Amino acid sequence: MIDFRIEANKFQPEKERDAIAAPECGGYVSFEGWVRNRNEGQEVLRLEYQAYEVLALKEGRRILAEAAERFPIENAVCIHRVGTLEIGDLAVWVGVSAGHRDEAFKACRYIIDEIKHRVPVWKKEYYTGGDSGWVNCEACANHPHDQHS
Amino acid sequence: MIKLNIEYFAILREQAGFDSEQIETEVTTPAELFAELTQRHGFPEMTTVKVAINDEFGDWQAQLQDGDSIVFIPPVAGG
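For the protein sequence lines, the chains are A and B, in the order given. Going by the numbering used here, the first sequence opens with residue 1, and the numbers climb by one from there. Going by the numbering used here, the second sequence opens with residue 150, and the numbers climb by one from there.
Hints were generated in silico from the structure; no laboratory data involved. Since the model is a prediction, treat every value here as computed from it, not as a measurement. Please note that a few of the clues may not be correct.
As the list claims (entries may be wrong) - Label pairs and their in silico Cβ distance ranges: (1) B:E205 <-> A:N39: 41 to 51 angstroms; (2) A:F105 <-> B:V198: 30 to 40 angstroms; (3) A:R17 <-> B:T177: 29 to 39 angstroms; (4) A:R17 <-> B:T197: 27 to 37 angstroms.
To be verified - Simulated crosslink set (EDC-like; lysine to aspartate or glutamate; CA at most 20 angstroms straight-line): (5) B:K152 <-> B:E194; (6) B:K199 <-> A:E114; (7) A:K106 <-> A:E69; (8) A:K58 <-> B:E205; (9) A:K58 <-> B:D217; (10) B:K199 <-> A:D113; (11) A:K10 <-> A:E32.
The beta carbon of each residue, even a glycine, is placed where N, CA and C say it ideally should be.
Same shape as in the complex, but just chain B:
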């Protein structure tokens, strides 16, 4: 089990109902984590989600470490 800090923005924040949470999980990659959280919070299907690990863009297949901070980035719309 690892502990992860997850912060939500935009549609994911609204869907989760809070800004952040700390979870204990058996998952090992961001891809698995997103699947688990999608099931738990009912996130909508989105075409291009990115992941940030410890405030830098990361790989969906990266190996998560205990204490990592994770942000899932739904389609952006700046400007």
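Bound-form chain A, shown alone:
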């Protein structure tokens, strides 16, 4: 199974893990990305994720297909949340099962790195001072880099 999904609601990674377990797999690697309470010196209260869903699904599935082509894995699933997330919430989950651990580690790393760079998903951070900003948007009006200028 190769699958990329976008979820508006919380999901259970344990269920996803069970779904990609297989008798021919001797290794399983997962990655969880959580909402952190600080970013670039700012105290973060919560996040909002937005996705261009149609293209995000296409690009996410392309990334997983690339991972399956590069590394001899059995199953790979990635789920990305959208909507408002609180500190500690699960924002992204990647699970890979393979015959052996090495390819599972490599494929999992490949998937999360490519997802972060290529999938059209955006993150807005809300800070304790009342400011907010779209992450990676260098010139945006309310970005933390600009607030003291």
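Dock chain B against the given chain A, drawing on the hints supplied.
Frame of chain A; chain B shown alone:
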């Protein structure tokens, strides 16, 4: 003149003040279209914007067709 459907996300949605619009324009490429819309909506300068034409990544110099759906993709930040 061609009619284009434009959908906005993230900073561009906030700056435009709405999710989408349909416009009639004389422009022929996404590059020209983005320049026109930047002027109209006051989009911020960004280092790496991409364009999607009809829900697939496209070329800034592509020839736009009547009825195309366009999305400009500001720097992404998933994960």
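### Message
What's the verdict on K10 (chain A) and E32 (chain A), does the C-alpha distance respect the 20 angstroms limit or exceed it?
### Response
13 angstroms, holds
### Task
Please test the hint of 30 to 40 angstroms on the beta carbon pair from F105 (chain A) and V198 (chain B).
Holds, at about 34 angstroms.
### Restraint status (C-alpha distance of K199 (chain B) to E114 (chain A) at most 20 angstroms)
16 angstroms, holds
### Message
For a C-alpha distance cap of 20 angstroms, please report whether K58 (chain A) and D217 (chain B) respect it.
### Response
Holds - the C-alpha atoms of D217 (chain B) and K58 (chain A) are around 19 angstroms apart, at most 20 angstroms.
### Task
Below or equal to 20 angstroms on CA atoms is what counts here, so check K58 (chain A) against E205 (chain B).
Judged against 20 angstroms, a Cα distance of about 8 angstroms means the pair holds.
### Query
Taking the CB of E205 (chain B) and the CB of N39 (chain A), does the distance hold inside 41 to 51 angstroms?
Roughly 32 angstroms apart at Cβ, these two residues miss the hinted range, so it is violated.
### Message
So if I understand the rule, the pair passes when the alpha-carbon distance is 20 angstroms or less; does K152 (chain B) with E194 (chain B) pass?
### Response
Not OK: K152 (chain B) and E194 (chain B) at ~26 angstroms, beyond 20 angstroms, violated.
### Query
For the pair supplied as a hint, K199 (chain B) and D113 (chain A), is the alpha-carbon distance within the 20 angstroms limit?
Judged against 20 angstroms, a Cα distance of about 19 angstroms means the pair holds.
#### Entry: Hint check for T177 (chain B) and R17 (chain A) - Cβ pair distance inside 29 to 39 angstroms
Because 50 angstroms falls outside the window, the suggested range is violated.
#### Entry: Outcome for the supplied range 27 to 37 angstroms, where the beta carbon pair is R17 (chain A) and T197 (chain B)
Holds - the Cβ-Cβ distance for R17 (chain A) and T197 (chain B), about 35 angstroms, lies within 27 to 37 angstroms.
### Query
Are the Cα atoms of K106 (chain A) and E69 (chain A) separated by 20 angstroms or less?
12 angstroms, holds
Figure legend: structure checked against the earlier numbered hints; hints not met, in rising order: 1, 3 and 5.
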